[in-house]
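Novice: I would like the entire structure built from these sequences, with the hints used as guidance.
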Amino acid sequence: GENVEQHPSTLSVQEGDSAVIKCTYSDSASNYFPWYKQELGKGPQLIIDIRSNVGEKKDQRIAVTLNKTAKHFSLHITETQPEDSAVYFCAATTNFGNEKLTFGTGTRLTIIP
Amino acid sequence: EAGVVQSPRYKIIEKKQPVAFWCNPISGHNTLYWYLQNLGQGPELLIRYENEEAVDDSQLPKDRFSAERLKGVDSTLKIQPAELGDSAVYLCASSTGLAYNEQFFGPGTRLTVL
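Protein sequences, first through last, are from chains V and A. Residue numbers for the first sequence, in this note's numbering: 1 to 113. Residue numbers for the second sequence, in this note's numbering: 114 to 227.
Incorrect hints may have been included.
[As the list claims (entries may be wrong)] Straight-line distance between alpha carbons at most 27 Å, and here's what the computed DSSO-like set of lysine-lysine pairs gives:
| no. | chain 1 | residue 1 | chain 2 | residue 2 |
| --- | --- | --- | --- | --- |
| 1 | A | LYS191 | V | LYS42 |
| 2 | A | LYS124 | A | LYS191 |
| 3 | A | LYS128 | A | LYS175 |
| 4 | A | LYS124 | V | LYS37 |
| 5 | A | LYS128 | V | LYS42 |
| 6 | A | LYS175 | A | LYS191 |
| 7 | V | LYS42 | A | LYS124 |
[Unchecked claim] Away from chain A, derived, C-beta distances all over 12 Å, residues of chain V:
| no. | residue |
| --- | --- |
| 8 | SER28 |
| 9 | LYS68 |
| 10 | PRO82 |
By construction, these hints were calculated from the structure, which means they are not laboratory data. Quick reminder that beta carbons are idealized off the backbone N, C-alpha and C, glycines included.
Specialist: Take a look at the structure:
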């Protein structure tokens with residue numbers, strides 16, 4: 001089955017700087033890669049996703065890149081703000097997202113004011 | 114639009130006791146998922162429903178866990194008997210089932226087994 005590895009496990013950045021979180025996956029059949037943000041006491045919330053036929057996607061301060069050959073994808077957050085502090089999870093799945101999501105182990109991002 | 118509703122939000126029980134979690138998905142969402150999230154880990158799928166049919170329960174420990182979605186809307190996840198290692202957050206999610214559609218997660222039920 002699919003295996004997703006995520007690094008780093010913790011990340012602290014100064015407010016206004018950029019943050020990068022990296023993930024690798026094992027199943028070449030995976031075709032959908034969402035990123036979730038989880039705040040304390042809440043369920044994960046989708047922040048951005050990318051399909052396997054796209055190399056990069058951007059939404060305001062958030063961007064995701066995908067390298068299918070290397071089987072890795074990354075989340076980039078620019079101009080970080082205190083409200084970006086949370087745990088971020090990458091995930092991968094086959095069948096265009098209808099089946100189970102295989103999650104990474106999460107990155108705790110702390111923005112230092 | 115209301116999100117995924119779960120209850121209770123917190124549950125503390127003693128080992129060997131039964132426990133049940135309830136989930137109400139977003140209206141119109143045919144696909145419902147139950148995930149288990151251990152502390153410091155990502156969620157892991159327990160079971161996935163398409164309407165009232167369990168289409169993926171390969172990760173559900175069937176000796177003690179059971180689930181149902183009788184009318185294809187609400188769902189209940191049960192553990193009987195609970196073990197210490199079952200302490201975790203149980204998340205329910207739903208989606209339309211269409212390609213590339215988002216899985217919306219509820220707030221979860223935090224279970225503590227003493």
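Novice: Against this structure, judge whether each hint is valid.
Specialist: Hints versus structure:
A distance of roughly 21 Å separates the Cα atoms of LYS191 of chain A and LYS42 of chain V; the hinted pair therefore holds under the 27 Å criterion. Taking the CA atoms of LYS124 of chain A and LYS191 of chain A, the gap is near 13 Å; set against the 27 Å cutoff, the hint holds. With a CA separation close to 17 Å, the supplied pair LYS128 of chain A and LYS175 of chain A stays within the 27 Å bound. The hinted pair formed by LYS124 of chain A and LYS37 of chain V meets the criterion: a straight-line CA distance of about 24 Å does not exceed 27 Å.
Restraint check for LYS128 of chain A and LYS42 of chain V: the C-alpha separation of about 26 Å stays at or below 27 Å, so the hint holds. This hinted pair checks out: LYS175 of chain A and LYS191 of chain A have alpha carbons roughly 10 Å apart, not beyond 27 Å. The suggested pairing of LYS42 of chain V with LYS124 of chain A holds, with an alpha-carbon distance near 16 Å, which does not exceed 27 Å. No Cβ of chain A approaches the Cβ of SER28 of chain V within 12 Å, the least distance being about 19 Å, so the stated non-interface status holds.
Distance check for LYS68 of chain V against chain A: the nearest CB is about 16 Å away, which clears 12 Å, and the non-interface claim stands. Every CB of chain A is more than 12 Å from the CB of PRO82 of chain V (nearest about 22 Å), matching its label as outside the interface.
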